[in-house]
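A.B. asks: From first to last, the protein sequence lines stand for chains W and V. Under the numbering used here, think of the first position of the first sequence as 1, with each following residue one higher. Under the numbering used here, think of the first position of the second sequence as 1001, with each following residue one higher.
Hints are computed from structural coordinates only; laboratory data are not their basis. Treat the hints loosely; a few may be bogus.
Going by beta-carbon spacing under 10 Å, a handful of chain V positions derived as facing chain W [said to hold, decoys possible]:
hint : residue
1    : 1036
2    : 1075
3    : 1104
4    : 1126
5    : 1130
6    : 1136
7    : 1254
8    : 1255
Pair ranges (Cβ atoms, derived) [what the hints assert, rightly or not]:
hint : chain 1 : residue 1 : chain 2 : residue 2 : range
9    : W       : 174       : V       : 1052      : 54 to 60 Å
10   : V       : 1069      : W       : 115       : 30 to 36 Å
11   : W       : 159       : V       : 1200      : 26 to 32 Å
12   : W       : 46        : V       : 1033      : 37 to 43 Å
13   : V       : 1180      : W       : 270       : 53 to 59 Å
14   : W       : 270       : V       : 1208      : 54 to 60 Å
15   : W       : 181       : V       : 1180      : 53 to 59 Å
16   : W       : 45        : V       : 1208      : 39 to 45 Å
Quick caveat: nothing in here was measured; it's all calculated off a predicted structure. Just so it is clear, CB atoms sit at the ideal spot from N, CA and C, and this is done for glycine as well.
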Amino acid sequence: MKRYFAGVDIGSTMTKVVIFSDRIEATIIGPTGPEHRKLANKVMEEALNLAQIRFENLSYIIATGYGRINVPFADRQITEITCHAKGLHSLLPTVKTIVDIGGQDSKGIKIKDGKVVSFVMNDKCAAGTGRFIEIMADSIGVPLEDMGIISLTAEKAAPISSTCTVFAEHEIINKLASGETIPNLIAGIHESVATRVSAMVKKLTIEQDVAVTGGGAKNIGLVKVLEKKLGCSIIVPPEPLITGALGASVLAKEIFEKYEREGQMPVRSSCGLQEAKIFS
Amino acid sequence: MAFFLGIDVGSGWTKAAICEDNELKSYAIVPSGGDYKKAAKEATNLALKKLNLSVKDIKCTVATGYGATMADFANDVISDISCHAKGISVLFSNVRTVIDIGAQFTRAITIDNDGRIINFIMNEKCAGGSGKFLQVTARILHVNIEELGRLSLESKKPVEFTTACAVFAESEAISRISEGARPEDIVAGIHKAMASKIMTLVTRVGMNPDYAVTGGGGKDIGLVKAIDNELRSKAYIPYEPQITAALGAAIFASSK
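Next comes chain V alone, as it looks inside the complex (with noise of 0.2 Å):
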């Protein structure tokens, strides 16, 4: 019996995934808050314990992430790109683009039979498609990021954001709330912009109908359904998400 450990120690969380024959066993998620190396052995620990595991009995660890070289204990870093790729092909064999959206940045990834990465443009200059939107958008409309998705299922009447900005569209949802636009209609048509901001990534990286949305983006499904609608497909959505990186790192380790 074989154990092998994936940590993605991301700018927002870090994700833990265990696996035996490549197959998920138990994962943790932590926030990162501003000590990355104490996150990465939280997550792990959290991950080892729902198997009543101890780290003796993992055989290999693979880190990746924003901060993978903090989780020092890991016997090998690998970018958090390729375990993407990789965690993906693992899940959802036909997937072919994928989009990871993170807390800070958004990339799309596009990649072949084997998982392995084809073309890829990360996102690092604006924030205007990554998660740091979104947060934004719950601070000013005062509900929980967790909200978001199901709140913008209800609107009617998206807002219409004349700016991919995260900054100006926050005043400019202001503005609007000032005038009377409900909140669900505010956060569609945040989504709609960050949708479209995505599709840019996308058509640059290279579209394909198969693909999948990752990182926390891939929980909120009204942004999720906006980009369906951008891409005019359906996207793939892991069980959960955010992990899919951690996953792709203990595949890794699996082969080390």
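Next comes chain W alone, as it looks inside the complex (with noise of 0.2 Å):
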């Protein structure tokens, strides 16, 4: 009988989940919103049907991320910084450093056989995240999708002096309104959170491979401006906004595995596929 597991990623900003067996069965991704942070339930469901399973039919569930105690279904809860060690070792056994750019924080992990040797983190000032290039985005009246695309074409980046994200968007605005291209303005926002990831990765040894996730690992602009500053080449996994829900079902499986082989049965959540009653 084929076992199924689930790895659920609340990240701020988007919410993912990953069905694993002894591959991976589905995956969905959808926004978190303010809402939507109780409704973890639905992307599940979502998830199983594409998969074609019952809820029943999982033998464990891992939640992640920044929301994840909003999953009151999952058998338990690992930080995403584990999580994403092992997603990512899981698709790209050669990596040694992951970066990873989200909506709402980025770090810095060194991984050694799929597990956490040392990470960095910066989620207290939103400068060098994901949403600074999301604000920028909005302001300039560019879709963020299209953000890496364009700066490709730019002459040369325009240099943006302020750090803080509030004072950068004015400071946007003001070259926009003076004539400065859509294409240098957007190099120059790479340009700013590049500087600022990778001063923070930097606190670590930069050891090959290094793999860019979350987000910002799908703005193929960013990405080319951190080859640069951290002067190496960048793996992007074919969908980075996964690695960390991934991780968490590999590590659902693997945990379960390990209860099995030491003839126990783990603890469940007597949790149905309910809403979350309690926030963090």
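Join these two chains into a complex; the hints should help.
C.D. replies: Printed below as a string of structure tokens:
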């Protein structure tokens, strides 16, 4: 009988679910949003439909990410750092350094055999996170997903002197008004984020291969600047958003099988597919 | 009879103060907008009008602030830190620490007996403790920025913000609102987050129990109360906190 496991990653911006057996059976990515914070059950339902299984078929479920406590039906919570390391290792075993650029934080993680050796993180300041790019995209009226491509046509990155997202937004609007081109501005925005992310990640001794994950990895312009700043090439996994959820599902399988080998049954959550009542 | 003008061109507001014998006679506050030159003239004319004076009655003018050089009719430009220190020393001679909360920047200044600067720290890298934070809060709650203080005082259970970043606090506030948090508790939580950020500035520059809060932030009683709680003392608040630097500039003009 085939066994199924699930990883649920509640990020600040996106919720990701992976259903795993001995391969990925289904992946779902949906917005987290303020009202969706309690609705991990809805995203899980979608994933179950996609995998064509029922909730009862899941042997073990792990929740991760900033909203992991908002998943009442999860059997266990594990930090996103651990899950990221595990997920990336299962996809790209040669990677030793992960740069994760999320919607509300950015991280550098050193891994060995799929386990975390050390990490650095910024979740205190929006500069150097995906949020910075999101806000700037909004204020210059360019869709977030087009930022990367457009920046590649820049002649010269427009320097942005403000660190703070709030001040940088004003600076960019002023620059736009005084005739700076959109591609140059976007290149400047990526430069700003890459400068902060690379300064943080360099606190770890960077070992190759290096991979970038999170929403930031979908921005080709940002990845290119980051390569320049870190002085090495960067691998982008095929679906950089699901690394954490994938790691959670792989860990679910490993934990379940460990219990099984020891002749025990893991403790499961008593909640069915229901809304979260408590929040973090 | 001699009148002296101080003009403070800030990033948000332009302030004019007119003094006679080191005493404030008139003042005006106008939005700086996109044309600082125009704002400087406007503030000056408004302040003059209240005294039925004209430009030629002004013996000397000192300009200060972010856009000081735009007030091209001034006789001299003096830094806003110096003008702040001077202004506060005239208002409260015993104050030794000034916390100026402007539209974009927050500064902490320590001064000596004569109103001279001993040390100062400016927060120009982060909007976390600045007036910008209040603007963001007013916008998401759909209230006037002037109402934030009163609202904050009504709070019984301030929301605990996990961040001092203006951007992250905005999304945190929206999440809390969607979970049913009361507007007054959001505002009080924001004031608390700002106060703790301001506290780090004050600690670095040198804390003194006799401190004043100036700038637009000094008009927000909720914020002032949060700062008082952090610093465990009571702030001196000028009658019009926003014109402190303009007043200082006018005093400097008088001694020229």
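A.B. asks: Indicate, hint by hint, whether the structure satisfies it.
C.D. replies: Now for the hints, and whether the structure bears them out:
no.	hint	verdict
1	1036	13 Å, violated
2	1075	30 Å, violated
3	1104	7 Å, holds
4	1126	5 Å, holds
5	1130	8 Å, holds
6	1136	7 Å, holds
7	1254	35 Å, violated
8	1255	35 Å, violated
9	W:174 / V:1052: 54 to 60 Å	39 Å, violated
10	V:1069 / W:115: 30 to 36 Å	58 Å, violated
11	W:159 / V:1200: 26 to 32 Å	28 Å, holds
12	W:46 / V:1033: 37 to 43 Å	49 Å, violated
13	V:1180 / W:270: 53 to 59 Å	27 Å, violated
14	W:270 / V:1208: 54 to 60 Å	57 Å, holds
15	W:181 / V:1180: 53 to 59 Å	45 Å, violated
16	W:45 / V:1208: 39 to 45 Å	60 Å, violated
When the structure is compared with the earlier hints, violations turn up for hints 1, 2, 7, 8, 9, 10, 12, 13, 15 and 16 and for no others.
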